[in-house]
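Asks: Work from the hints to combine the two standalone chains into their complex.
Chains Y and Z, in that order, give the protein sequences.
This note's numbering puts the first sequence at residues 4 to 334.
This note's numbering puts the second sequence at residues 669 to 963.
Everything labelled a hint here was simulated from the structure, so no lab data went into it.
Cβ atoms here follow ideal geometry from the backbone N, Cα and C, with glycine treated the same way.
Careful, some of the hints might be misleading.
[Stated by the list, open to error] Taking beta-carbon pairs under 8 Å as the criterion, some of the chain Z residues facing chain Y (in silico): (1) Leu759; (2) Tyr770; (3) Leu780; (4) Ile789; (5) Val792; (6) Met911; (7) Ala940; (8) Ala941.
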Amino acid sequence: MATTTTQTDIQQSIVKQQKSEQRKKRILNLVLLALLLLAPAVMYPVFLMKILCFALFAVAFNLLLGFTGLLSFGHAAFLAAGSYTTGYLLSNFSGLTTEMGIVVGTAAATVLGLGFGVVAIRRQGIYFAMITLALAQLVYFFFVQAPFTGGEDGMHGVPRGYLFGVVDLSNNYAMYYFVLAVFLGGYLLVQRIVGSPFGQVLKAIKQNEPRAVSLGYNVDRYKLLAFVISASLAGLAGSVKTVVFQLASLNDAHWHMSGEVILMTLLGGTGTLLGPVIGATFVVNLEYQLSQGPMGDWVDPILGGIFILTVMAFRSGIVGEIQNFMRKNMS
Amino acid sequence: MSMILGVPVTVLSGQLMLGVINGAFYALLSLGLAVIFGLLKIINFAHGAMYMLGAMCTVLMFDAFGVNYWVALFVAPLVVGCFGILLEYFLLRRIAGQDHIYSLLLTFGVALVLQGVLTNIYGVSGLRYTMPDIFKGGMNLGFMFLPYYRAWVIVVALLVCFGTWFMIEKTRLGSYLRAGTEDSQLMQGFGINVPLLISLTYGFGVMLAAFAGALAAPIYSVSPVMGSNILIVVFAVVVIGGMGSIAGAVITGLLMGVVEGLTKVIYPEGSAAVIFLVMVIVLLIRPSGLFGKEA
Numbered sequence: 004m005a006t007t008t009t010q011t012d013i014q015q016s017i018v019k020q021q022k023s024e025q026r027k028k029r030i031l032n033l034v035l036l037a038l039l040l041l042a043p044a045v046m047y048p049v050f051l052m053k054i055l056c057f058a059l060f061a062v063a064f065n066l067l068l069g070f071t072g073l074l075s076f077g078h079a080a081f082l083a084a085g086s087y088t089t090g091y092l093l094s095n096f097s098g099l100t101t102e103m104g105i106v107v108g109t110a111a112a113t114v115l116g117l118g119f120g121v122v123a124i125r126r127q128g129i130y131f132a133m134i135t136l137a138l139a140q141l142v143y144f145f146f147v148q149a150p151f152t153g154g155e156d157g158m159h160g161v162p163r164g165y166l167f168g169v170v171d172l173s174n175n176y177a178m179y180y181f182v183l184a185v186f187l188g189g190y191l192l193v194q195r196i197v198g199s200p201f202g203q204v205l206k207a208i209k210q211n212e213p214r215a216v217s218l219g220y221n222v223d224r225y226k227l228l229a230f231v232i233s234a235s236l237a238g239l240a241g242s243v244k245t246v247v248f249q250l251a252s253l254n255d256a257h258w259h260m261s262g263e264v265i266l267m268t269l270l271g272g273t274g275t276l277l278g279p280v281i282g283a284t285f286v287v288n289l290e291y292q293l294s295q296g297p298m299g300d301w302v303d304p305i306l307g308g309i310f311i312l313t314v315m316a317f318r319s320g321i322v323g324e325i326q327n328f329m330r331k332n333m334s
Numbered sequence: 669m670s671m672i673l674g675v676p677v678t679v680l681s682g683q684l685m686l687g688v689i690n691g692a693f694y695a696l697l698s699l700g701l702a703v704i705f706g707l708l709k710i711i712n713f714a715h716g717a718m719y720m721l722g723a724m725c726t727v728l729m730f731d732a733f734g735v736n737y738w739v740a741l742f743v744a745p746l747v748v749g750c751f752g753i754l755l756e757y758f759l760l761r762r763i764a765g766q767d768h769i770y771s772l773l774l775t776f777g778v779a780l781v782l783q784g785v786l787t788n789i790y791g792v793s794g795l796r797y798t799m800p801d802i803f804k805g806g807m808n809l810g811f812m813f814l815p816y817y818r819a820w821v822i823v824v825a826l827l828v829c830f831g832t833w834f835m836i837e838k839t840r841l842g843s844y845l846r847a848g849t850e851d852s853q854l855m856q857g858f859g860i861n862v863p864l865l866i867s868l869t870y871g872f873g874v875m876l877a878a879f880a881g882a883l884a885a886p887i888y889s890v891s892p893v894m895g896s897n898i899l900i901v902v903f904a905v906v907v908i909g910g911m912g913s914i915a916g917a918v919i920t921g922l923l924m925g926v927v928e929g930l931t932k933v934i935y936p937e938g939s940a941a942v943i944f945l946v947m948v949i950v951l952l953i954r955p956s957g958l959f960g961k962e963a
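Looking at chain Z on its own, in the form it has when it is part of the complex (with noise of 0.2 Å):
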């Protein structure tokens, strides 16, 4: 068998496509964060909460009703948006123009809501969620084994986000959006619906958690409690691509989960922290990310 840094090729491709996937959900996550921070100036510390939702609607549906896995991709992220809107409409409203620090503790506090009802009715331990029939199986590659369903998750995935950037950045909408939150007086003035704007602005941001949620359900244990570790490392991305930024959130994102599969590989202790361990490095040189604006 051949070997890469004394590592045989197939244990190291397997940790990295492990690791591609987890990129794919922190570039999601981190993507939605970056939507809410760039365009509110919301640091939305109930992002990680959104997601455990989206995954928790997931498998609620299919045990309740029965809804299957394509539907639930689509309504889930609907139904967690609405609630995400709703929380904008009743509570973040009334601090906005306030110390961006207050938003961040209003979250913290919904999180910590949400989190505890729900460990209180469904427990910590974990729901199943059984994938459907279509995914089961995978390719060989010849270098490592690719199950279907995740070359599905890193595909959409990527769809999603450049969907996401494309519209922000190129589209009439999106240029109504940042000049919205740049100067919503004269955006008034020009006839458009600033505050509802931010309201959905904040439920798409909400919703792109959500769908990194019913996304997650199959491969990973769905809990109240899924939503608070993968925050702090989602936050961590967040700083490490430059807060404004749409795109270094994406790549960031991606790169992250790469960096933390290879360390699994070669410093299987420090796979936890290395993702922080960057962060620190990239403050140190470039104190406002990789892909920063501000100086």
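Isolated chain Y (complex conformation) (with noise of 0.2 Å):
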């Protein structure tokens, strides 16, 4: 009897600490919210455009990274890939409003995820990190060679056009909270697909992919949705930065690129839902810092030592980091 009580007390005190702990974080939440919602007052709105784009690209990629343990160096395709679409449509037809421009980058960027994934699937680990990183590379020189991209120049003055026909989106008040709002949207149902049963599976793929199998999921199926998503979210962020800024460049192509959004992941915190976000701050603002200095030339060789120090010392990130601490001090 005796224990029986107990037992339902140390229930009870779990789910009270599972509880305050979910309204810290709701709170938390709102807090970053309210931010977000208040920051175009204090900061220029076209630089917080950008981080916000690379914030999605990166969450986006966490997914794949993070949440099912797939790395993938070929992500720049993706960006590209909705990037040049959306850039060509907005270009080439008037008529277009700037959502259904964004909405086909984005289904292109997911079918070229669809074909990725069937082909890199079927091998793992650092395979797969290759296998993806030479498909994209073939994506770079279709870019290259193609027509309608403008080659080395890349594609120039992309309308912004207005939303629904309705909003002007030159206004960079207006174009802010809507890239908010597609940032949001993205991050929201990526933290709804990791808590969803969808998202267990990934998880327990992740952690130990010959169990997944003999529990009887079809793991493959699995891992290409979750590609799929995490293209298609990558596609999204790489459609609406070609309306921000107006351009669509081969450096959204390039390898570099690939690596950036894992620097990005990485250092923010792999497998966290802020990490990535935290992670593309950290990058964009360094990058924008050293190119205002006379440090400018030294970007490559400074994120490089990024990595390495990254990988050497806290590989959990930033996020992962606070994280543990919290964990072992606070509780």
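Replies: The following block contains the structure:
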């Protein structure tokens, strides 16, 4: 009798603790949301939009690396597919509303993701990384030579147009809140996926793939679906980025971009929801600050140094290390 | 003039020759990658940077000390190889046994640093290196003109590739290596210094890349970014060949050079992409690569 009371006590205290943690999380999220809503009052909106686009890109990437355990080294291809498709449509079809251009750009990235996935999913680990890298290089060569991309110069002067044919997006504030809405949509979608039974299977695959197979899950199908969703969100980020900056460039397709998104995710914390956002904010800020000063030419070596440091010293990234610290010292 | 596939024979054979040369470099580089991967399970993303260092080293030694080609061909790989060993000792060793992905990311960071720093010092425009006099000129084979240096590259690259294959697959040292990576504790028990063996293996793989760089210095434009593009091609070659296979790396390397050369004649726009296309096709048919062992 006595033992059962203690057990229920323990259960109750666990439930209580979980509830207070959830409340803390909700408050944190609300604070962050408020900050994002108010941010353009103090910072240049275009810069904020750049951060949000890359944050969405990193969040999409992390769905694969952080929650499924697949290291794609070709995510630049999806960013570029979204970017170029949207750029081409909005430049050449003036009747098209902006959101239609973005939707089609995202769809193009999704189809490409399906193609990549079918080829690459058959191999694991570093094989997977190298195959995605090589596939992305194929896409890069396509964008260099295709007649509509402007080759080395890229595609310039893409009109921002009107959202739903009504809202004038040439206004930076209107544009910002649109980008914010897209980012939040993508972020919440990933959050929802990670918390769903589907997300649980993905995590199981990450932890122990043979066991997931033996439990009867069609692992390849789960991985493919995760890959396609990730590609699609990366394409969305590229599409929106093109509208914001009114240009699509080869930078988006180059394999350095794939490396950069890995760095953002790793630095912020793989397998955490907020990590990639923090990582993207950090990297975009760093690049911006460096390019303003005399250190402009040293961006690459400094990013490389951060790569080395992160892998050697704090592999769980900024958010992961904070979580570890809190777990150790505050409970 | 006789034609094959609507292309003059001299043009075709010239491009084929260039293809074989490129293939020789692909073979040397993918061989180094395969040695490092096969024995240490590290994807050496810094491999392109090591190739670049080999070439840069050759040029800089000549500019600073007048070191001639033949000496550079030995010294450049040695210098870069030692650098590789230091890298293994101070960085890669610390993450051994972790997820392979971390070694990939770490070497990627190293490549970014090396390439970035050298770009800031020397720019990207390319340094000049004059070929030794002995290689000036060439011979006329009737159907094509073969420059001596290109013939030398092919011969020496093939010799080095064969020597490496022989050492790893057929000698006692090679068997130690293979055993040491299979079960390092057991080998330690037999009194073999496995950590040293691993350092040396990484150093050797890096030396192969640097040797390719030194060979490339007289014919390609030497610059800090020369490694970054060839690296991705070499990765594709290794995937096509099958990652564990040493012989596969060499054969596929040569083959892909030829395929690339042929594409340049028939459909020039596709020449940069054709290797990646071959990779996709091979993967669809044989996911483990042409010479891969696992199913």
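Asks: Does each hint hold? Answer for all of them.
Replies: Outcome of the hint check:
1. Leu759: holds (7 Å)
2. Tyr770: Cβ of Z:Tyr770 sits 5 Å from chain Y, so the hint holds.
3. Leu780: It holds, given that the least Cβ distance between Z:Leu780 and chain Y is near 3 Å, below 8 Å.
4. Ile789: violated (10 Å)
5. Val792: violated (11 Å)
6. Met911: This hint holds: Z:Met911 lies near chain Y, its Cβ roughly 7 Å from the closest one there, short of 8 Å.
7. Ala940: holds (5 Å)
8. Ala941: holds (4 Å)
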